[in-house]
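Participant: Combine the two chains into a complex, taking the hints into account.
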Amino acid sequence: MAEVFRIEAPYREPCVLERLTFGDGEGPVVACVAGLHGTELTGVHALNIVARTLGMLRVKGTVHLLPIVNSFGVDQGTKRWPFDDRDINRAFPGDPEGSPVQRIAHALLDATRADVCVDIHSGSRVQRELPQVRVPLSGPELAYARAMQLPVVWRRAGDRLEATGLVGAWREAGRAALHAIGGRAGDLDVDHGRILANGMLRLLSHVGSLAEGLVDPGDVLADTTRQGVGYHYSMCGGFWVPEVRVGETVGPGHLLGAVVEVVGGRRLEEVRATREGIVITMRRYPVVHARELLVRVAERL
Amino acid sequence: MSARPDVLHSIGMPSGDSVDIVRKTFEGSEGPRVAIVAGIRGDTPEGVRVAHTIAGVLGTHHESLLGRVDVYPCVNPLAAHRGIRHWPFFDQDLNRRFPGRPDGHAPDVVAWKLVQDLEGAEMIIELRGAHPAFSETPQAHVRSTAESAAELARHANVNLVWMRDPGLAAPSTFAAQFESTLTLEGGTGNRLTPGVGQALAEGALNVLNVLGVLPDDALPFHWAAVTRPTTVTDAHVHRVRAGRAGLFLPGKAPWDPVEADEVLGEVIDPATGDRLEEVRSPCAARIAAMRDQPVVFPGTLVARIVEGADG
Chain A
1 MAEVFRIEAP YREPCVLERL TFGDGEGPVV ACVAGLHGTE LTGVHALNIV
51 ARTLGMLRVK GTVHLLPIVN SFGVDQGTKR WPFDDRDINR AFPGDPEGSP
101 VQRIAHALLD ATRADVCVDI HSGSRVQREL PQVRVPLSGP ELAYARAMQL
151 PVVWRRAGDR LEATGLVGAW REAGRAALHA IGGRAGDLDV DHGRILANGM
201 LRLLSHVGSL AEGLVDPGDV LADTTRQGVG YHYSMCGGFW VPEVRVGETV
251 GPGHLLGAVV EVVGGRRLEE VRATREGIVI TMRRYPVVHA RELLVRVAER
301 L
Chain S
1 MSARPDVLHS IGMPSGDSVD IVRKTFEGSE GPRVAIVAGI RGDTPEGVRV
51 AHTIAGVLGT HHESLLGRVD VYPCVNPLAA HRGIRHWPFF DQDLNRRFPG
101 RPDGHAPDVV AWKLVQDLEG AEMIIELRGA HPAFSETPQA HVRSTAESAA
151 ELARHANVNL VWMRDPGLAA PSTFAAQFES TLTLEGGTGN RLTPGVGQAL
201 AEGALNVLNV LGVLPDDALP FHWAAVTRPT TVTDAHVHRV RAGRAGLFLP
251 GKAPWDPVEA DEVLGEVIDP ATGDRLEEVR SPCAARIAAM RDQPVVFPGT
301 LVARIVEGAD G
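Chains as they are written, first to last, in this note's numbering: chain A, 1 to 301; chain S, 1 to 311.
The following block holds chain S by itself, in its conformation from the complex (with noise of 0.2 angstroms):
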């Protein structure tokens, strides 16, 4: 059986044209299904590329396939088309819209039909990108109580598997629709950074290896070859915080190891080029994700930092 292209859902344009967003469904023999689904934000292309290049293995080996994997390769194709994070327009984050509902505009049409296509997964792999102002390690982001898919998320080629407690927004998310989501992200945001999407593809691919769907031949590396990643828990990752407003000029690159009280960046002054703050680590840690869009207020995020990661 051969790789089907369908069409989730045709977006008309009041200009009279239409937009699709589309699945590419690839189906072997019997066993489990797996989904695949980037995008959902515009400024992901980084997603949106791991998307393509698995679909691009799976298209070679579907006839080996023992299961089901549909790839969803653009969820919002408006927005990525711009390259914005929100669906434009209605100005709306599609990543809060969840479950969304058949009756609404657009963006929540979108959403409904996509939770509605997904029912009887057993696995879910969403692929994002960075947040647009970050550099961040090839990372799984699982639900603290989802053990088996923490499980899962150790094998995906990532250096670090953070099981998430969920926020106060954590309904509206497509990640919270279901308990087995396993979200890959890495990279810089709203770009494509060299490596880290081949070793995303290949952290999905080996997942579905593991769970059986993709056979170990069709793998085009060896699994010996997959990162072991550090396990944590919200009570390890740390956030440091600008202590002043200026331009931040970072000092270490994701998953630099850093001492407690080391440097990782400075805030100067962009007016007269002063420096205004040394910003330190408050423990040894592996730097997760470091800001490199400069302009910091006093607050403003600059590193995601992971205590007790050994790399």
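With the rest of the complex left out, here is chain A (with noise of 0.2 angstroms):
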């Protein structure tokens, strides 16, 4: 374990960035990033799979591991670094002379110089993500992220602000860079951190870091992009009662679930699937307003 970054703190022990770096250092350079938001615990959860798995293997190569980025926000339970309140992923490329959170950003992204990077997080706290890797439409990026094998694969143009987020910074600095998700902001979600992790592992065999075979084939369930996925949203505001689970398959009238009144239950709406396909988001914290995502649905492979 190395300290690749340290920032003194009022009150308490100063808030270092720790990387484990495995392999002989002769191959490819993967870096793999988690708990860049406090909240978001799966991916610290993976991480740490994969470097168990990492210190009993011979590894070509180097990975560097940073299961936590935001060790401050993840003591005490916030998103985002919480002096001042600031995202961390809203601080890329980062100031060395800048605020806490630019110094952060820019260690950080000078300690994952790397071929192939990538961030994990988790969905919002509202909602449980099926582990899905998001990547642009084409190029580079795609091939590593179907290697990954993670149920989802989902092909987006670039998000709003991402210039100022790690995975867009990656990018900005010629770096193939790939977005992955999976559970729910403030929960452990034990399978899918073990899904993640061995998306992770089939990504460095492919790149030649692991030999290959090391770790099953994954159960890759969608392979789509924005025109393939079908959102609901609530049409009012009220109480949202699931009736089905990410990773389910549905068809076309399927149930999803329905807002009801928060007062007295009376159903307000029901919510039904438009299409065949696989749950890849369920809203989880029942209060909802008008106009929230619920659910979303992929088309299959």
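If you're looking for bench data, these hints aren't it; they were derived computationally from the structure.
Keep in mind the model is a prediction, meaning the values are calculated, not measured.
Since no wrong hints were added, every one of them can be taken at face value.
Label pairs and their calculated CB-CB ranges:
#	chain 1	residue 1	chain 2	residue 2	range
1	S	E307	A	L268	55 to 63 angstroms
2	A	R6	S	E147	41 to 49 angstroms
3	A	M235	S	Q116	18 to 26 angstroms
Now the stretches of chain A that chain S is said to cover, found in silico as 3 or more residues with beta-carbon under 8 angstroms:
#	segment
4	86–98
5	233–246
Note that the Cβ used here is the ideal one computed from N, Cα and C, for glycine as well.
Facilitator: Structural data, given as structure tokens:
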């Protein structure tokens, strides 16, 4: 374990960014980051599984793992850096002379100089995501994403504000960058963590850092674009009662859940699938406002 | 014609009630249309107060207005209700959701409806407050390329007009949606600061006067009393940061003059009280913003100073 960054803190010990490095140094360089948001813990678990696995194997090239970036946020259960409420993932490319989050961002970008980079997040605190990897519509990242064999490969145009995020900064720096997601913020989804870890190990086999066949093939359920995903939103505010889970297969007309009155439970809205597919996103927090995302259904591969 | 309170958007709450976002329109005879927008973030009560002060004057003089003024006193009422920066529940910074979308969640819909509603306005004044960790001198921000907005800002009764280059996040901010946006802010974050609200309200009213919307005799002060500001660009603005972690104790106040190498404040060890650092000004300047939330890390911004401001 190597310390790649340290910043002094008032009232407590410094905040330290630790990096685990594996490999013989001869070959591809891969970096994987989790815990950029302090409440997104499934990725932390996934990288710890990867670390323990790599510790028992012969690794070619170099693999950098940074399981927790926002350690103060993890300690305090906050998504953002808890002082001044700043989002580290909006501070890239960072600045070594700038604010604390800019310094962390700069150090992280520097500590992840690699051919292939992966940033693992969770769904928001209100929704659970089937393990998935989000990549541009085309380009070198797509082959890496598919090599992970996660349940979902989602080819998407760039997100707004991407230039200030880690994935965008990696791409600006000419590195292949993948954005992986699984589980829900504020929760540890052990199954999703294992799936994400296995995806990382397959990626490492794909680039030649690990032998082939160490991990069983993944169960890829969807490989799609925006057009292949059905979005279901609440039409009114109320109490959301889901009827399906992420990973379930549904067909047209399948009841996905209902919005009911918070007091009394009268059914206000039934939400039904409009296509055959796999549930990749499910609202878990039951109180909803109008026009909130409830369910995403992706066409099956 | 009298002021019309209109509901820009009604947010239906899950528990069954609703929260309205209100616009007050003051319209006289023909003339330019100006919009005054406050409360995009919920921790800026100064802007909300200023909007209501302006609306009070416009309501008294609406018959003599030469044009139309739309006042949106609080765009993010749910956040203001709790005194927090972000839209609660969604934890979204509304000032990163523009231009919004008609089919999104509530923050996106509000952003979209506001932008649509402002189409055709010749001038937009955004009223903000300081960041909650800072106290600021009354100041105006305009886009670095917006010369006409900068000229108007010089009549806004502020100490400072800052012509800013857009940052990476700028496209999703409210101010970036309109070339002519003039942003006024000052005071202490999440607080009302004696004198500052009145200064900003008088500045906005004076801008309305310069635009020809509000006649001279409706101004509740003499135009000659308006502060003559210093105009600066990004090159004149320096960010001074703490070098150590601890408690920052400010030694200066907003708009104080400082000499090069003069002490702006000190950082002390919160456990022992020992002085860890004297934070010094890199140049002769005036204080545009001073941190008064004391907890700092190495790199935390403690002051924003303006070089070449003659006051």
